[in-house]
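There are 2 protein chains.
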Amino acid sequence: MKIAEFEVETWMTDHENHCRYNLTETCVSSLSLNDLQKYVQEDISKTIMSMTLDYGPIVGSSRLKQAILSLYETGTVENITIAHGAINANELVMISLLEPGDHIVSLFPSYQQMYDFPKSLGCEVSLIHLSEEKKWMPTIEDFKQCMRNNTKMICLNSPNNPTGTTLPLSFMKELITLAKDFDCYILCDEIYRGVNTITQTMSPSFSDYYEKAIVTQSLSKVFSFPGLRLGWIKGSKEVVHTIDMRRDYHIISSGPMDDYLACLVLENKEHIIKRSLYICDESKKILKSWLEQEHLVSCVIPDEGTVCFLKYEVDMPSIEFCEKLQAETGIFFVPGSAFGVENHLRFGLTHLNEIKEGLPLFSQWLRQFDK
Amino acid sequence: MKIAEFEVETWMTDHENHCRYNLTETCVSSLSLNDLQKYVQEDISKTIMSMTLDYGPIVGSSRLKQAILSLYETGTVENITIAHGAINANELVMISLLEPGDHIVSLFPSYQQMYDFPKSLGCEVSLIHLSEEKKWMPTIEDFKQCMRNNTKMICLNSPNNPTGTTLPLSFMKELITLAKDFDCYILCDEIYRGVNTITQTMSPSFSDYYEKAIVTQSLSKVFSFPGLRLGWIKGSKEVVHTIDMRRDYHIISSGPMDDYLACLVLENKEHIIKRSLYICDESKKILKSWLEQEHLVSCVIPDEGTVCFLKYEVDMPSIEFCEKLQAETGIFFVPGSAFGVENHLRFGLTHLNEIKEGLPLFSQWLRQFDK
Numbered sequence: 001m002k003i004a005e006f007e008v009e010t011w012m013t014d015h016e017n018h019c020r021y022n023l024t025e026t027c028v029s030s031l032s033l034n035d036l037q038k039y040v041q042e043d044i045s046k047t048i049m050s051m052t053l054d055y056g057p058i059v060g061s062s063r064l065k066q067a068i069l070s071l072y073e074t075g076t077v078e079n080i081t082i083a084h085g086a087i088n089a090n091e092l093v094m095i096s097l098l099e100p101g102d103h104i105v106s107l108f109p110s111y112q113q114m115y116d117f118p119k120s121l122g123c124e125v126s127l128i129h130l131s132e133e134k135k136w137m138p139t140i141e142d143f144k145q146c147m148r149n150n151t152k153m154i155c156l157n158s159p160n161n162p163t164g165t166t167l168p169l170s171f172m173k174e175l176i177t178l179a180k181d182f183d184c185y186i187l188c189d190e191i192y193r194g195v196n197t198i199t200q201t202m203s204p205s206f207s208d209y210y211e212k213a214i215v216t217q218s219l220s221k222v223f224s225f226p227g228l229r230l231g232w233i234k235g236s237k238e239v240v241h242t243i244d245m246r247r248d249y250h251i252i253s254s255g256p257m258d259d260y261l262a263c264l265v266l267e268n269k270e271h272i273i274k275r276s277l278y279i280c281d282e283s284k285k286i287l288k289s290w291l292e293q294e295h296l297v298s299c300v301i302p303d304e305g306t307v308c309f310l311k312y313e314v315d316m317p318s319i320e321f322c323e324k325l326q327a328e329t330g331i332f333f334v335p336g337s338a339f340g341v342e343n344h345l346r347f348g349l350t351h352l353n354e355i356k357e358g359l360p361l362f363s364q365w366l367r368q369f370d371k
Numbered sequence: 001m002k003i004a005e006f007e008v009e010t011w012m013t014d015h016e017n018h019c020r021y022n023l024t025e026t027c028v029s030s031l032s033l034n035d036l037q038k039y040v041q042e043d044i045s046k047t048i049m050s051m052t053l054d055y056g057p058i059v060g061s062s063r064l065k066q067a068i069l070s071l072y073e074t075g076t077v078e079n080i081t082i083a084h085g086a087i088n089a090n091e092l093v094m095i096s097l098l099e100p101g102d103h104i105v106s107l108f109p110s111y112q113q114m115y116d117f118p119k120s121l122g123c124e125v126s127l128i129h130l131s132e133e134k135k136w137m138p139t140i141e142d143f144k145q146c147m148r149n150n151t152k153m154i155c156l157n158s159p160n161n162p163t164g165t166t167l168p169l170s171f172m173k174e175l176i177t178l179a180k181d182f183d184c185y186i187l188c189d190e191i192y193r194g195v196n197t198i199t200q201t202m203s204p205s206f207s208d209y210y211e212k213a214i215v216t217q218s219l220s221k222v223f224s225f226p227g228l229r230l231g232w233i234k235g236s237k238e239v240v241h242t243i244d245m246r247r248d249y250h251i252i253s254s255g256p257m258d259d260y261l262a263c264l265v266l267e268n269k270e271h272i273i274k275r276s277l278y279i280c281d282e283s284k285k286i287l288k289s290w291l292e293q294e295h296l297v298s299c300v301i302p303d304e305g306t307v308c309f310l311k312y313e314v315d316m317p318s319i320e321f322c323e324k325l326q327a328e329t330g331i332f333f334v335p336g337s338a339f340g341v342e343n344h345l346r347f348g349l350t351h352l353n354e355i356k357e358g359l360p361l362f363s364q365w366l367r368q369f370d371k
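Line by line, the protein sequences are chains A and B.
The opening position of the first sequence corresponds to residue 1 in UniProt numbering, with each subsequent residue numbered one higher.
The opening position of the second sequence corresponds to residue 1 in UniProt numbering, with each subsequent residue numbered one higher.
Any given hint could turn out to be false.
Computed beta-carbon distance windows for the label pairs [said to hold, decoys possible]:
no.: 1; chain 1: B; residue 1: 208; chain 2: A; residue 2: 363; range: 53 to 59 Å
no.: 2; chain 1: A; residue 1: 20; chain 2: B; residue 2: 66; range: 25 to 31 Å
no.: 3; chain 1: A; residue 1: 356; chain 2: B; residue 2: 62; range: 31 to 37 Å
no.: 4; chain 1: A; residue 1: 211; chain 2: B; residue 2: 122; range: 28 to 34 Å
no.: 5; chain 1: A; residue 1: 317; chain 2: B; residue 2: 99; range: 29 to 35 Å
no.: 6; chain 1: B; residue 1: 99; chain 2: A; residue 2: 183; range: 26 to 32 Å
no.: 7; chain 1: A; residue 1: 183; chain 2: B; residue 2: 122; range: 23 to 29 Å
Examples of chain B residues lying across from chain A (beta carbon under 7 Å, computed) [stated by the list, open to error]:
no.: 8; residue: 1
no.: 9; residue: 5
no.: 10; residue: 18
no.: 11; residue: 19
no.: 12; residue: 33
no.: 13; residue: 34
no.: 14; residue: 45
no.: 15; residue: 56
no.: 16; residue: 95
no.: 17; residue: 133
no.: 18; residue: 225
no.: 19; residue: 226
no.: 20; residue: 245
no.: 21; residue: 248
With a cut-off of at most 25 Å between alpha-carbon atoms, the simulated BS3-like pairs for lysine-lysine come out as follows [what the hints assert, rightly or not]:
no.: 22; chain 1: B; residue 1: 180; chain 2: A; residue 2: 2
no.: 23; chain 1: A; residue 1: 144; chain 2: A; residue 2: 180
no.: 24; chain 1: B; residue 1: 134; chain 2: B; residue 2: 173
no.: 25; chain 1: A; residue 1: 356; chain 2: A; residue 2: 284
no.: 26; chain 1: B; residue 1: 237; chain 2: A; residue 2: 2
no.: 27; chain 1: A; residue 1: 119; chain 2: B; residue 2: 119
no.: 28; chain 1: B; residue 1: 46; chain 2: A; residue 2: 38
no.: 29; chain 1: A; residue 1: 2; chain 2: B; residue 2: 119
no.: 30; chain 1: B; residue 1: 46; chain 2: A; residue 2: 46
no.: 31; chain 1: A; residue 1: 2; chain 2: B; residue 2: 2
no.: 32; chain 1: B; residue 1: 311; chain 2: B; residue 2: 371
no.: 33; chain 1: A; residue 1: 212; chain 2: B; residue 2: 2
no.: 34; chain 1: A; residue 1: 237; chain 2: A; residue 2: 173
no.: 35; chain 1: B; residue 1: 212; chain 2: A; residue 2: 2
no.: 36; chain 1: B; residue 1: 284; chain 2: B; residue 2: 134
no.: 37; chain 1: B; residue 1: 2; chain 2: A; residue 2: 237
no.: 38; chain 1: B; residue 1: 285; chain 2: B; residue 2: 356
no.: 39; chain 1: A; residue 1: 212; chain 2: A; residue 2: 173
no.: 40; chain 1: B; residue 1: 285; chain 2: B; residue 2: 269
None of these hints come from the bench; they were simulated from the model.
Glycine residues also receive a C-beta, built at the ideal position from the N, C-alpha and C atoms.
Starting from the given sequences, assemble the full structure and let the hints guide the process.
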């Protein structure tokens, strides 16, 4: 099945291992099991060394599902299933529910999987183009104009990658009203949920407000454990059952070790999220004060998530810009072109020391473009 | 995308946790990391506790790919990519290379993913029906009759699940000649490769004999580590590149911990395979002598793999048979109907003690059907 190259992922794979200042990373500085041990009474090492590594709980343990439910207002274990990261969670939702000829509505820019994966399944896709002038926010009118009788799913990513924009609750409710009129699913990839530096709480989840909402998340971003490759899906009991049936063709299980470790991460989430909030908050402060003195770069700084989208006033395509910058300074960005938007760079609020050292160096490098 | 229920997997999920004698398990008794530590000099626990759990090597580490290459006669690291188990490896191959309208040829019975996954992608599927009288072996004539101008892929599972049949090298070579005439891929799920109790060596891999062969395998069966969820694909450099591009939409990476542990398993494979050979060999001896005295059951015992397919001479559908047997004795089988073949049971050669105790109990239970 033909599909467009996943530009942000291939760029990351090709460039991330050769950089000195990673200013584009989306995961809050990853932790180790020794870091996790500090919050946990039981001996992690002893448990995982003695565990029989059979397939483990096929659709995830009840303990893990209970831990996941603590992130939401509503739901039971029957509303949750486990996946190999949020990427696989999104895949499972779309391949289970979409058919060739279905129409879906998505945002642009956003995570490419949300529109190019359904396209590869033979779906028709309408894209709502976001603009920086409107703080990267869509309007309900934008959605109304896209909806059709065969619209099966609205595919979102909130907080959005790369812009960081989070849809406010009032907007979510209006969108749900519209979706109900078309008996349409809302899939929201909520992988960046969890570090709102203004409210200090998690923003609302679509799954708590609409029966036909399906949300995905993982341990990768605010939980700092991307290496566990553990994501999940929350949806209606019927949707979860359909996905569990499909899932046997894709992953079988997550394995008992990752299931157990994910329980420990989520059961100790207050420590981990507190650290992530601190890191993202400090990063935003440094970014804000840097933006005040850097006339060639601007940005809509979001309330939540771990990324935002820098705009640069230099007449150079973003791929060329990023490659030159990385070659000459070791500073690593994902170019806006990987999201279909030129003259932008995805900025990650996750690596505090690299941001502290990297931003002044970036400014120094930018001086060659002053007129 | 509609797909048939994956019958063997849903049966396993629903029944495997409530049994006393698992006589159907396909993985040679799973091991723990403490078991692995016996073969390894370095301190596994120390390494995994201190490892930063970021995404890790995106397409798998070179060390892991080198370890995988030791299972084949040919190839370089560019011929290998990593997946979440063999199930995900098969998915990645098929979703990357097949298009709606393509024709594929597969065997029946065999692993259901091999024919129902491509069908869900819109492919046409021709099935070659295997018969017990011919020792579950297809003929080249069977394949010739199925081939069409739009045949894109021959999808096999050798050694086969559930019959255990392994295609001999002479047959493989004839099939390759036929595939070349149609410029057709051969996908062979070789997950059961590795425990040939006759030759004591691994049977040949399609990937060592044909440029357009793609093979998959994992740590689940003969390597006794299904819980690591680590599989791989070996194919031409071009195919691996296409799959790596697609892979970003499905799993991103396997995570650094599973990558590292998989290296240790494969670097110490001689110990693990020796144990698996012993277990399967002993199991076959017990099964053979049991079959000699059990007149209601017969079986084609295969040379390789960890499963075979028992035929029972009782007039009862296999689902009813298995449920009654499990309820009354705790003996667990997958019914033949999960593979589309009635009056059969999938037998696993993997749990030696359960086989020793379970088979006499099974005979005792069967006496009610004597005429």
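Consistency of the hints with the structure:
1. B/208 with A/363: 53 to 59 Å: holds, 55 Å
2. A/20 with B/66: 25 to 31 Å: holds, 28 Å
3. A/356 with B/62: 31 to 37 Å: holds, 33 Å
4. A/211 with B/122: 28 to 34 Å: holds, 30 Å
5. A/317 with B/99: 29 to 35 Å: Holds - the Cβ-Cβ distance for residue 317 of chain A and residue 99 of chain B, about 33 Å, lies within 29 to 35 Å.
6. B/99 with A/183: 26 to 32 Å: With a Cβ separation near 30 Å, residue 99 of chain B and residue 183 of chain A satisfy 26 to 32 Å, so the hint holds.
7. A/183 with B/122: 23 to 29 Å: holds, 25 Å
8. 1: holds, 6 Å
9. 5: holds, 6 Å
10. 18: Nearest chain A Cβ about 13 Å off; hint violated.
11. 19: violated, 13 Å
12. 33: holds, 5 Å
13. 34: holds, 5 Å
14. 45: holds, 5 Å
15. 56: holds, 6 Å
16. 95: Constraint on residue 95 of chain B satisfied, holds at 6 Å.
17. 133: violated, 31 Å
18. 225: holds, 5 Å
19. 226: holds, 5 Å
20. 245: With a minimum Cβ separation of about 6 Å from chain A (threshold 7 Å), the hint on residue 245 of chain B holds.
21. 248: holds, 4 Å
22. B/180 with A/2: Satisfied, since the Cα-Cα distance of roughly 23 Å is no more than 25 Å.
23. A/144 with A/180: holds, 12 Å
24. B/134 with B/173: Holds, because 20 Å separates the two Cα atoms, which is no more than 25 Å.
25. A/356 with A/284: holds, 11 Å
26. B/237 with A/2: Given that 25 Å is the threshold and the Cα spacing comes to 18 Å, the pair holds.
27. A/119 with B/119: The given pair, whose Cα atoms are some 18 Å apart, holds under the 25 Å limit.
28. B/46 with A/38: holds, 15 Å
29. A/2 with B/119: holds, 16 Å
30. B/46 with A/46: Roughly 11 Å between the alpha carbons, so the hint for residue 46 of chain B and residue 46 of chain A holds.
31. A/2 with B/2: Status holds; Cα separation ~19 Å.
32. B/311 with B/371: Holds: residue 311 of chain B and residue 371 of chain B sit about 18 Å apart, inside 25 Å.
33. A/212 with B/2: holds, 19 Å
34. A/237 with A/173: The given pair, whose Cα atoms are some 21 Å apart, holds under the 25 Å limit.
35. B/212 with A/2: Within the cut-off at roughly 19 Å; holds.
36. B/284 with B/134: holds, 20 Å
37. B/2 with A/237: holds, 18 Å
38. B/285 with B/356: This hinted pair holds, its Cα atoms lying about 11 Å apart.
39. A/212 with A/173: holds, 13 Å
40. B/285 with B/269: Given pair residue 285 of chain B, residue 269 of chain B holds - Cα atoms ~24 Å apart, limit 25 Å.
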